[in-house]
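Asker: Sequence:
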Amino acid sequence: MLKADKITKVLKGNEVLSNISYTFENGKIYLLTGHNGCGKTMLLRALCGLITPDSGEIICDKKCNFGVVIETPKFMENETGYFNLCYLASIRNIINKDTIKENIKLFDLDNVKNKKVKTYSLGMKQRLGLCQAVMEDPDIILLDEPFNAIDEENLNRIYEILNGFRGKNKIIIIASHGIVDRNKLMIDETIVMDKGKILKEN
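Heads up: the sequence shown runs through residues 326 to 527, numbered per the numbering used here.
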């Protein structure tokens with residue numbers, strides 16, 4: 326369980342999150358929707374600790390491991406995709422190279438893993454970002470506009486991967502202002518945001 330309890334955040338005099346309360350449960354996929362600037366990304370940042378709320382708190386029922394893609398993934402452009410993933414994995418050192426390679430195949434990046442990231446298309450970089458977010462088997466997955474620049478074949482693959490994590494009792498929170506195929510992605514709850522507030526949930 327992950328809970329936002331009355332969180333408010335003000336940046337440069339602008340209230341970007343306004344008294345947000347919501348409980349996210351394990352084994353569910355949540356879709357955050359709303360126009361650009363409505364607070365989706367800020368909420369994700371607050372949930373994983375990248376920003377600290379001015380009031381309220383984020384509560385997790387245990388020590389939570391997060392897998393995160395927020396905004397455009399950044400990598401060392403002059404290194405290979407495989408090198409980048411190995412470097413990131415070395416920070417916590419909880420997975421081995423075989424696990425990294427398995428995840429590379431999962432996201433259909435095996436044929437470009439030894440190429441420099443600067444040669445990747447935007448869609449490849451997006452998949453590399455998703456790969457780094459899930460390769461350490463996190464409890465909570467936060468994804469900001471994860472489907473941008475993804476072709477249909479890989480989009481269906483990513484839907485399957487996320488549905489699989491849902492089945493493993495993970496919390497998956499996706500922020501997207503675009504169209505998501507609800508026949509393929511098992512969305513449990515949709516949260517509509519505007520001006521830093523939750524307008525509607527269903």
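Some hints here could point you the wrong way.
Said to hold, decoys possible - List of simulated lysine to aspartate or glutamate pairs, DMTMM-like, C-alpha gap at most 20 Å: (1) K331 with D386; (2) K493 with E461; (3) K509 with E478; (4) K426 with E470; (5) K337 with E461; (6) K426 with D519; (7) K388 with D462; (8) K430 with E461; (9) K422 with E404; (10) K353 with D476; (11) K450 with E478; (12) K399 with E485; (13) K388 with E402; (14) K493 with D386; (15) K520 with E396; (16) K331 with E470; (17) K495 with E404; (18) K430 with E396; (19) K387 with D423; (20) K493 with E404; (21) K353 with D423; (22) K522 with E478; (23) K443 with E402; (24) K450 with E461; (25) K422 with E396; (26) K509 with D476; (27) K399 with D386; (28) K450 with D464; (29) K495 with D519; (30) K522 with E485; (31) K399 with E470.
Honestly, the hints are just simulated from the structure, not real lab data. Given the structure is predicted, the values throughout are model-derived calculations rather than measurements.
Asker: Confirm or reject each hint.
Answerer: Now the hints, each set against the structure:
1. With a CA separation close to 17 Å, the supplied pair K331 and D386 stays within the 20 Å bound.
2. Distance restraint check for K493 and E461: the Cα-Cα separation of roughly 14 Å lies within the 20 Å cut-off, and the hinted pair is therefore satisfied.
3. Among the hinted pairs, K509 with E478 is consistent with the structure: their alpha-carbon atoms are about 12 Å apart, no more than 20 Å.
4. Restraint check for K426 and E470: the C-alpha separation of about 25 Å exceeds 20 Å, so the hint is violated.
5. About 35 Å separates the Cα atoms of K337 and E461, which puts this hinted pair outside 20 Å; it is violated.
6. Note on K426 and D519: the hinted pairing is violated, with a Cα-Cα distance of about 40 Å set against a maximum of 20 Å.
7. Taken as a hint, the K388 and D462 pair is honoured in the structure, with Cα atoms around 14 Å apart against an allowance of 20 Å.
8. Proximity of K430 to E461 is assessed by CA-CA distance (about 15 Å); at most 20 Å being required, the pair is judged to hold.
9. A C-alpha spacing of about 17 Å is found between K422 and E404, which places the hinted pair at or below 20 Å, so the restraint holds.
10. Pair hint K353 plus D476 does not hold up; C-alpha atoms about 25 Å apart against a cutoff of 20 Å.
11. Distance hint between K450 and E478 is fulfilled; the C-alpha atoms sit about 16 Å from each other, no more than 20 Å.
12. Restraint check for K399 and E485: not satisfied, since their Cα atoms lie roughly 24 Å apart, outside the 20 Å limit.
13. Distance check on the hinted pair: K388 and E402 sit about 33 Å apart at the alpha-carbon level, beyond 20 Å; violated.
14. With a C-alpha separation of about 17 Å, the suggested pairing of K493 with D386 holds against the 20 Å cut-off.
15. Restraint check: the Cα-Cα separation between K520 and E396 comes to about 19 Å, which is no more than 20 Å; the hinted pair holds.
16. With a C-alpha separation of about 25 Å, the suggested pairing of K331 with E470 is violated against the 20 Å cut-off.
17. In summary, the hint linking K495 to E404 is not supported, as the alpha carbons are separated by about 31 Å, beyond the 20 Å threshold.
18. The hinted pair formed by K430 and E396 fails the criterion: a straight-line CA distance of about 23 Å is larger than 20 Å.
19. A C-alpha spacing of about 28 Å is found between K387 and D423, which places the hinted pair above 20 Å, so the restraint is violated.
20. For the hint linking K493 to E404, the alpha-carbon distance of about 33 Å lies beyond 20 Å, and the restraint is violated.
21. Proximity of K353 to D423 is assessed by CA-CA distance (about 28 Å); at most 20 Å being required, the pair is judged violated.
22. Our distance criterion of 20 Å between C-alpha atoms is broken by K522 and E478, whose separation comes to about 35 Å.
23. The straight-line distance between the Cα atoms of K443 and E402 is roughly 5 Å, inside the 20 Å bound, and the hint therefore holds.
24. Restraint check for K450 and E461: satisfied, since their Cα atoms lie roughly 18 Å apart, inside the 20 Å limit.
25. Taking the CA atoms of K422 and E396, the gap is near 26 Å; set against the 20 Å cutoff, the hint is violated.
26. For a cut-off of 20 Å, the pair hint linking K509 to D476 stands: about 15 Å separates their Cα positions.
27. Proximity of K399 to D386 is assessed by CA-CA distance (about 30 Å); at most 20 Å being required, the pair is judged violated.
28. Among the hinted pairs, K450 with D464 is inconsistent with the structure: their alpha-carbon atoms are about 23 Å apart, more than 20 Å.
29. A hinted pair counts as satisfied when its Cα atoms are at most 20 Å apart, and K495 with D519 does not qualify at roughly 26 Å.
30. A C-alpha spacing of about 30 Å is found between K522 and E485, which places the hinted pair above 20 Å, so the restraint is violated.
31. Among the hinted pairs, K399 with E470 is consistent with the structure: their alpha-carbon atoms are about 14 Å apart, no more than 20 Å.
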